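A.B. asks: Could you slot chains F, Z, H, B and G onto chain X? The hints should help.
Number of protein chains: 6
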Amino acid sequence: MSGKPIVPLIQYEDADDAVRAVYDDIMAFRKIDWINNFWKVLAHDPALLKRTWESVREVMAPGALDPLTKELIYIAVSATNGCEYCTYSHTAAARGKGMSEAQLMELLAVVGMANETNRLANGLRPPVDVQFEPAG
Amino acid sequence: MSGKPIVPLIQYEDADDAVRAVYDDIMAFRKIDWINNFWKVLAHDPALLKRTWESVREVMAPGALDPLTKELIYIAVSATNGCEYCTYSHTAAARGKGMSEAQLMELLAVVGMANETNRLANGLRPPVDVQFEPAG
Amino acid sequence: MSGKPIVPLIQYEDADDAVRAVYDDIMAFRKIDWINNFWKVLAHDPALLKRTWESVREVMAPGALDPLTKELIYIAVSATNGCEYCTYSHTAAARGKGMSEAQLMELLAVVGMANETNRLANGLRPPVDVQFEPAG
Amino acid sequence: MSGKPIVPLIQYEDADDAVRAVYDDIMAFRKIDWINNFWKVLAHDPALLKRTWESVREVMAPGALDPLTKELIYIAVSATNGCEYCTYSHTAAARGKGMSEAQLMELLAVVGMANETNRLANGLRPPVDVQFEPAG
Amino acid sequence: MSGKPIVPLIQYEDADDAVRAVYDDIMAFRKIDWINNFWKVLAHDPALLKRTWESVREVMAPGALDPLTKELIYIAVSATNGCEYCTYSHTAAARGKGMSEAQLMELLAVVGMANETNRLANGLRPPVDVQFEPAG
Amino acid sequence: MSGKPIVPLIQYEDADDAVRAVYDDIMAFRKIDWINNFWKVLAHDPALLKRTWESVREVMAPGALDPLTKELIYIAVSATNGCEYCTYSHTAAARGKGMSEAQLMELLAVVGMANETNRLANGLRPPVDVQFEPAG
Chain X
1 MSGKPIVPLI
11 QYEDADDAVR
21 AVYDDIMAFR
31 KIDWINNFWK
41 VLAHDPALLK
51 RTWESVREVM
61 APGALDPLTK
71 ELIYIAVSAT
81 NGCEYCTYSH
91 TAAARGKGMS
101 EAQLMELLAV
111 VGMANETNRL
121 ANGLRPPVDV
131 QFEPAG
Chain F
137 MSGKPIVPLI
147 QYEDADDAVR
157 AVYDDIMAFR
167 KIDWINNFWK
177 VLAHDPALLK
187 RTWESVREVM
197 APGALDPLTK
207 ELIYIAVSAT
217 NGCEYCTYSH
227 TAAARGKGMS
237 EAQLMELLAV
247 VGMANETNRL
257 ANGLRPPVDV
267 QFEPAG
Chain Z
273 MSGKPIVPLI
283 QYEDADDAVR
293 AVYDDIMAFR
303 KIDWINNFWK
313 VLAHDPALLK
323 RTWESVREVM
333 APGALDPLTK
343 ELIYIAVSAT
353 NGCEYCTYSH
363 TAAARGKGMS
373 EAQLMELLAV
383 VGMANETNRL
393 ANGLRPPVDV
403 QFEPAG
Chain H
409 MSGKPIVPLI
419 QYEDADDAVR
429 AVYDDIMAFR
439 KIDWINNFWK
449 VLAHDPALLK
459 RTWESVREVM
469 APGALDPLTK
479 ELIYIAVSAT
489 NGCEYCTYSH
499 TAAARGKGMS
509 EAQLMELLAV
519 VGMANETNRL
529 ANGLRPPVDV
539 QFEPAG
Chain B
545 MSGKPIVPLI
555 QYEDADDAVR
565 AVYDDIMAFR
575 KIDWINNFWK
585 VLAHDPALLK
595 RTWESVREVM
605 APGALDPLTK
615 ELIYIAVSAT
625 NGCEYCTYSH
635 TAAARGKGMS
645 EAQLMELLAV
655 VGMANETNRL
665 ANGLRPPVDV
675 QFEPAG
Chain G
681 MSGKPIVPLI
691 QYEDADDAVR
701 AVYDDIMAFR
711 KIDWINNFWK
721 VLAHDPALLK
731 RTWESVREVM
741 APGALDPLTK
751 ELIYIAVSAT
761 NGCEYCTYSH
771 TAAARGKGMS
781 EAQLMELLAV
791 VGMANETNRL
801 ANGLRPPVDV
811 QFEPAG
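Protein chains in written order, with my numbering: chain X, 1 to 136; chain F, 137 to 272; chain Z, 273 to 408; chain H, 409 to 544; chain B, 545 to 680; chain G, 681 to 816.
Chain X with its partners taken away, still in its complex shape:
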């Protein structure tokens, strides 16, 4: 274990204009006055920072799915992949959007079960039922 990031965190005061513009947009959009470390490492590549932030902002916006459901999905993927940073940050985000402890626990129960049955299917290789074939 190393506590140090692979590249140094770029703080607001040390950032160039392109990075500051993204930092400003993050804070304005989220109505907060700080930037989390994920963006401070991405800032080493301003184009990557900008593209990732704009994609996240667009993908996580309300649409056919509500923002809390989207955060639950993000946690599901992060727990499946074992991403520590993402688990902490998206659990915090989901709580900020109203996720209850009971919802978190049920979410992880589904995630656990899906990871289990995925491997039972992988190991036993049942053919896809014709009833599950998509139409069209």
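These aren't lab readings, by the way, just hints derived from the structure by calculation.
There's no promise every hint is true.
What the hints assert, rightly or not - The following label-pair restraints were derived from C-beta to C-beta distances: (1) H:Glu509 with Z:Trp306: 35 to 41 angstroms; (2) B:Ala572 with F:Glu237: 24 to 30 angstroms; (3) F:Ile168 with X:Glu58: 44 to 50 angstroms; (4) X:Arg30 with F:Glu269: 40 to 46 angstroms.
Stated by the list, open to error - Part of the chain B face toward chain H, derived, beta carbon under 10 angstroms: (5) Thr624; (6) Asn625; (7) Gly626; (8) Thr631; (9) Tyr632; (10) Gly642; (11) Glu645; (12) Met649; (13) Ala653; (14) Gly656.
To be verified - Okay, derived cross-link-like pairs now, EDC-like style, lysine to aspartate or glutamate, Cα gap no bigger than 16 angstroms in a straight line: (15) F:Lys186 with F:Asp152; (16) G:Lys684 with H:Asp537; (17) B:Lys594 with B:Asp569; (18) B:Lys548 with X:Asp129.
All of these numbers come straight from a predicted model, not from anything done at the bench.
Backbone N, C-alpha and C define an ideal beta-carbon position, used for all residues, glycine too.
C.D. replies: Here is chains F, Z, H, B and G on its own, set in the frame of chain X:
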């Protein structure tokens, strides 16, 4: 690619009483008259079949999260893991519970984004922000 | 890295009756006088705690495979997935069941090799040989 | 789905001497008269073919763990990773070494459970108990 | 196995203007006269289609790394994750950019080795050496 | 989190002759005077240590791909799998071989994008285009 399952499908008419009891419960609970192939391979171990079915039934029941949200989470995990059978079967299940095409596409957009940012975090290792530390 | 769990550990003295009943069963079954942290986080959802414990107890019991072999398999999966907690806890469990250092090292050699050849097969996509097709 | 390998299969009669030497060793060692497709794609890089075969032969040999246990571990990893070719080939190999259907089913039950609890731990992040800390 | 996509392919002639604009850009940028199936399923969500295409176009452009190296990295990830479609499509793309058979085989040798040593490290948990700590 | 390795580090002065021979070869080959912790845990199985080192030395040697490209691929796999030790050690190795910060950031941008589109393909299951079918 092989179309054959690792163990033969156990059809209802060839199943013993322990397996039939589970098959009957699946059909009664789901109000359908057929059994999908996942259970027909698990049936080679009646205890595994029974435990898995009862766990799935309990985990996927309405609770703090509604059944459609749980199916979306199941798809998110299955797509992350690349489980083909699970992707077809749970997409079909979600559609049966009312998932629209727009919801499916947004779900996968979140899944894709989460898989992307999980790896950006894995590769750059930002420390978890104190603001994300759980309370207590 | 954050040392804090996502939900607080529920200690025996703070647990309700449903949780204490599972804690008691874990300690009685394992003939120990403490509860490891995995169960103390699951305890936030007593139904999940109970179901997971009962499933683990049933799955890890002696059967067609002996308990040590089952622990080796658990380590193999945990190392493949990169689950830190699971690697420490199941390596400790396997040692408690008699796993030698030589067995651990050989286990990991197989795990490493399987992860390697899995990707050679994934990248080169050889068709499954007819000789490997399951019978029936 | 495509049935074609990424690189053509190199058959014995078309192989150069370096490849034939490995093919001959595989057949002699396994006391069989055919080569499975995994090696026929690796043969495009004779050094990779030779190194992989020699490593597999060494790793899978009897030692502190018996060959059947090693095949079970190989299946556990392959099902966890979802490698189709590896699942078919190593299940066939395990059966050839005496794996019963009951052993296969119990193996997959453990694999499923481990994949489930790995994600519960990933999502809830319990700290490693001091009792699980390795000695030394 | 099912040969059918989860959502129908949207052909050019059936696409609306937003989708056609992306299809046109893909063909113009790549100097080809057809659209591969990946985009035809994404087209069910024109915003996802557009964002994904623009991100891919930007990420895969020449920069500090050349386009062929980027395709090799894409194959490395796809083989690690076991994504069949991505393996075929990006191997074809890499060949179109000049990847030789020898380069493909060496690439996969590295991918296999990395997947192996990743799990040896996951299973044995060596601490990160101070010599590997990033500066700054 | 535990800072302790699963097996103790075997230091040079405590190593037997077989282990010292590998340690000596690592230091001579890399022109350094220290051994990183990965090898010090593998040393509990001298055959595994030797085989792994010799494979790594062979696989990472210049060939159809240059050594820096191979390190980039190693990082891509390690970030995809979330292997912390491997990410730190191979990022350090790549920097030692001349990787610039801009190259690292572009590498991770590709890794992120590939992980994203892998899941879009896994979730939507487009058929492999005939144009991507390998020849032969």
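A.B. asks: Are any of the numbered hints broken by this structure? If so, which, sorted upward?
C.D. replies: Violated hints (numbers, rising): 3, 4, 10; every other hint is consistent with the structure.
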